[in-house]
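> Numbered according to my numbering, the sequence shown spans residues 1 to 768.
Rather than coming from a laboratory, the hints here were simulated on the basis of the structure.
Do not rely on the hints blindly, as some may be mistaken.
Said to hold, decoys possible - When the alpha-carbon atoms are kept at most 30 Å apart in a straight line, the in silico BS3-like pairs for lysine-lysine are as follows:
hint, residue 1, residue 2
1, K696, K640
2, K235, K134
3, K235, K371
4, K123, K298
5, K182, K290
To be verified - Just the calculated beta-carbon pair ranges, DEER-fashion:
hint, residue 1, residue 2, range
6, V679, N519, 32 to 40 Å
7, N334, V180, 25 to 33 Å
8, D395, D417, 29 to 37 Å
9, H546, N334, 36 to 44 Å
10, D565, R623, 37 to 45 Å
11, A731, E606, 38 to 46 Å
12, Q239, D264, 21 to 29 Å
13, R271, Y515, 47 to 55 Å
14, A82, V54, 34 to 42 Å
15, L590, D395, 43 to 51 Å
16, K366, N410, 55 to 63 Å
Each residue gets a CB set at the ideal place from its N, CA and C atoms; glycine is no exception.
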Amino acid sequence: GSLVAAVLAHSGRLDKEHLGARVGRLSRRGEVCTMINKKYSEFLPSMQSAEELVAQVEGLANNIDLLKAGIENEVQRDLNVAVAEFTELKQQLERDTLVLSVLKKLQEFDTTIKECNSALLEKQYVTAAQQLEKARSTLGSLESRRGFELKILKALGTELTVQTQNIIYHLGEEWQKLIVWKLPPSKGSSSLEALVLSELHLHTLPAQDEDTAVPPVDAVLQALAVLGELHSKLKDFGQLLLQYILKPLISHPSLEPVPEEQPDVFILRFRSQELALDESSPMEVFDKIKLVFEVLHKYLLNVPLEQPGEGRVTLAELLGELIWEELSDCLIHNCLVNSIPTNSSKLEQYKEVIESTEEFEKALKKMQVLKEDTTALLKYACNVDSHFANKKCQDVIMAARNLMTSEIHNTVKITPDSSIALPELPDPGSGDNLKTQSPSSLLQNGTVNLGSESRLSPFTLCLPTCRISCSVQQLLELAYHTLLEATASTDLCCVQLFDCVRNIFQLFYEVVPTYHRENLQKLPQLAAIHHNNCMYIAHHLLTLGHQFRYRSTSVLSNGAATFVDLVPAFRRLGMECFLAQMRVQKGEILERLSSARNFSNMDDEENYCAANKAIKQVLHQLRRLGMVWQDVLPVNVYCKAMGALLNTALAEIVTRIAALEDISAEDADRLYSLCRIMVEEGPQVFTPLLEEDKNKKYQEEVPVYVQKWMTFKELMIILQANLQEIVDQWADGKGPLAEEFSAAEVKSLIRALFQNTERRAAALAKIK
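Using the sequences and the accompanying hints, generate a full structural model.
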């Protein structure tokens with residue numbers, strides 16, 4: 001019951017709550033409806049006005065469509081017609097304007113041509129030229145119009161050309177009247193006699209009254225400038241001025257300019273001085289050139305001109321631009337070059353030349369012939385040290401080359417106690433930074449003291465007696481004097497002269513072997529002389545730089561002034577040339593011995609004669625070489641060379657005989673006789689000295705220089721010995737025969753000389 005009561009109570013509460021919610025919702029709906037009605041009443045008038053506006057807009061749109069249709073159908077057609085008419089009228093206006101401007105230009109051209117002709121008749125050349133240039137400008141503007149061509153323009157161009165040539169012709173005549181050249185005939189025009197006949201006449205005397213009209217020269221020159229013809233006229237005038245006045249004054253010292261003023265003309269001519277030096281000093285040349293420009297400036301070059309595109313200039317400026325470069329080159333190469341001192345002691349005197357050059361340039365600048373920045377001539381003169389070095393080096397190299405290409409066979413004898421003609425070399429002195437002992441203090445009584453007992457000969461480090469070419473001796477003298485000149489010069493000049501001396505020796509190394517190649521290959525004496533020349537130069541190169549070390553500049557005194565690096569090359573050059581000649585001589589010896597038929601079958605008379613002839617030819621060749629090398633080569637070189645050649649002959653003979661397989665008794669006798677000829681006459685080829693009695697010493701020392709000499713003599717002993725003597729000479733491998741021949745060679749000779757017997761076998765058994 002309680003449960004039911006509770007349920008009923010709960011459902012009652014629910015109904016009450018539900019009823020209250022519905023009442024609330026209904027009340028809110030009423031409020032919303034009221035608000036909607038209010039808004040609708042406010043919106044309705046606005047909507048009505050908008051509908052009215054839409055109706056008005058639709059009406060206007062219809063009107064616009066009607067208006068557009070009217071414009072497209074009627075107004076556009078009329079507008080197109082109006083535009084076409086306007087375009088046609090505009091084009092017609094442009095054509096009329098163009099025709100009018102062309103007509104004006106044609107009228108202007110005609111007017112200027114008439115004014116030009118009128119001015120030309122009155123000889124108002126400047127006005128005529130200006131009018132002509134104006135007409136040219138007018139015609140140019142007509143021709144530049146594109147799409148507009150008139151046949152008359154071609155005729156106008158022809159007329160302008162005719163008028164231009166007409167005024168140029170008249171101006172040319174006036175120019176020839178103003179400036180008259182009287183020149184010698186073209187043939188031989190550069191000779192002194194012809195140049196004296198050259199004259200320049202100037203009909204340009206200035207007016208005395210300032211109020212008078214412009215002188216003709218001004219008008220002619222200005223008119224030429226306006227027409228652009230002045231440059232060619234001035235160029236021709238400048239070339240004539242250079243060829244017949246300025247360059248002759250530089251090249252011919254005897255010529256002197258003579259100006260002469262007459263009432264209506266100025267004349268410039270030449271006068272030849274009878275007594276004149278071979279070369280003019282730069283000061284004299286500058287004075288002559290300056291005089292010419294002064295009179296030209298007074299009577300011609302001071303005319304001011306209005307140059308198109310350049311403004312106001314004078315004739316002197318224009319002429320200077322045309323001729324100065326060529327004139328300065330001529331002054332440098334034909335005047336200043338010759339004045340460069342050849343000795344450093346005269347460099348101080350060259351300051352006068354520099355001052356004169358500076359004054360000359362200042363004078364030309366004052367006359368406006370030169371620009372202010374033009375100093376090429378003065379730069380050359382001021383750079384005298386470099387030019388002196390260049391000229392000195394050029395002269396030295398040319399002198400050296402002439403010596404190198406001269407004959408080698410002209411010789412002079414050099415002995416250990418002889419010396420080159422040296423300049424007097426300075427003593428190192430006590431004030432040098434390098435403290436060294438004076439060479440004079442080392443030498444006492446011709447010897448160098450090495451201690452209490454040991455002494456060296458004064459000739460220890462001297463070149464042995466021999467002959468050298470006179471040209472090589474002169475070449476060394478040239479090198480010494482050039483180095484002495486370098487010590488008295490500036491640093492730059494000193495280095496350049498030192499390099500020049502090095503170039504001398506490098507030139508010798510390249511030129512002499514090439515220039516004299518054929519003679520050095522064919523002539524043994526020249527090869528020997530060339531060998532001596534190279535050794536002589538190498539000998540001096542060892543100390544050449546050191547001798548001048550104490551007088552040279554700081555650039556070279558630090559040890560850089562040396563020629564020692566060239567010594568091996570020169571020694572090698574001399575040795576290679578002489579060894580090549582030795583190879584040629586050895587080849588000839590072997591070739592002659594090849595005709596001896598291997599020294600076999602000497603019992604045949606024909607074979608013996610051939611061998612005998614070969615021996616005599618070899619000895620003749622050696623005697624000839626001994627004569628051509630006599631007193632030429634140093635004694636030690638001579639003996640070594642002759643010993644080597646004789647050794648070649650002996651070695652070849654020994655080889656040929658030792659190779660024989662059968663030698664009869666008669667063959668052995670004849671071979672012995674041939675060998676005896678070599679032994680008896682071979683030493684006689686050693687004649688290194690002219691004095692016969694002094695040569696015996698070297699003839700007795702033949703075994704020292706001929707390696708196979710004792711071998712050859714032992715061979716002769718074998719050819720005449722019996723078996724026992726050969727065994728005794730062998731002495732169990734300790735005898736003299738064993739020193740020269742091997743056991744196999746001795747056995748081979750025994751087998752060839754002796755028949756096969758028990759005695760031979762016993763002898764062969766002992767050779768081991």
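> Give a verdict on every hint.
Taking the hints in turn, this is what the structure says about them:
1. K696 - K640: holds (16 Å)
2. K235 - K134: It holds: about 26 Å lies between the C-alpha atoms, which stays within 30 Å.
3. K235 - K371: Between K235 and K371 the Cα gap is close to 18 Å, so the pair holds against 30 Å.
4. K123 - K298: holds (25 Å)
5. K182 - K290: holds (22 Å)
6. V679 - N519: 32 to 40 Å: holds (35 Å)
7. N334 - V180: 25 to 33 Å: holds (28 Å)
8. D395 - D417: 29 to 37 Å: Holds, at about 33 Å.
9. H546 - N334: 36 to 44 Å: Roughly 42 Å apart at Cβ, these two residues keep to the hinted range, so it holds.
10. D565 - R623: 37 to 45 Å: holds (41 Å)
11. A731 - E606: 38 to 46 Å: holds (39 Å)
12. Q239 - D264: 21 to 29 Å: For Q239 and D264 the Cβ distance comes to about 27 Å; the hint holds.
13. R271 - Y515: 47 to 55 Å: Hint holds: Cβ distance 49 Å, inside 47 to 55 Å.
14. A82 - V54: 34 to 42 Å: Given range 34 to 42 Å: holds, Cβ gap about 40 Å.
15. L590 - D395: 43 to 51 Å: holds (50 Å)
16. K366 - N410: 55 to 63 Å: Taking Cβ atoms as reference, K366 and N410 lie about 59 Å apart, which means the hint holds.
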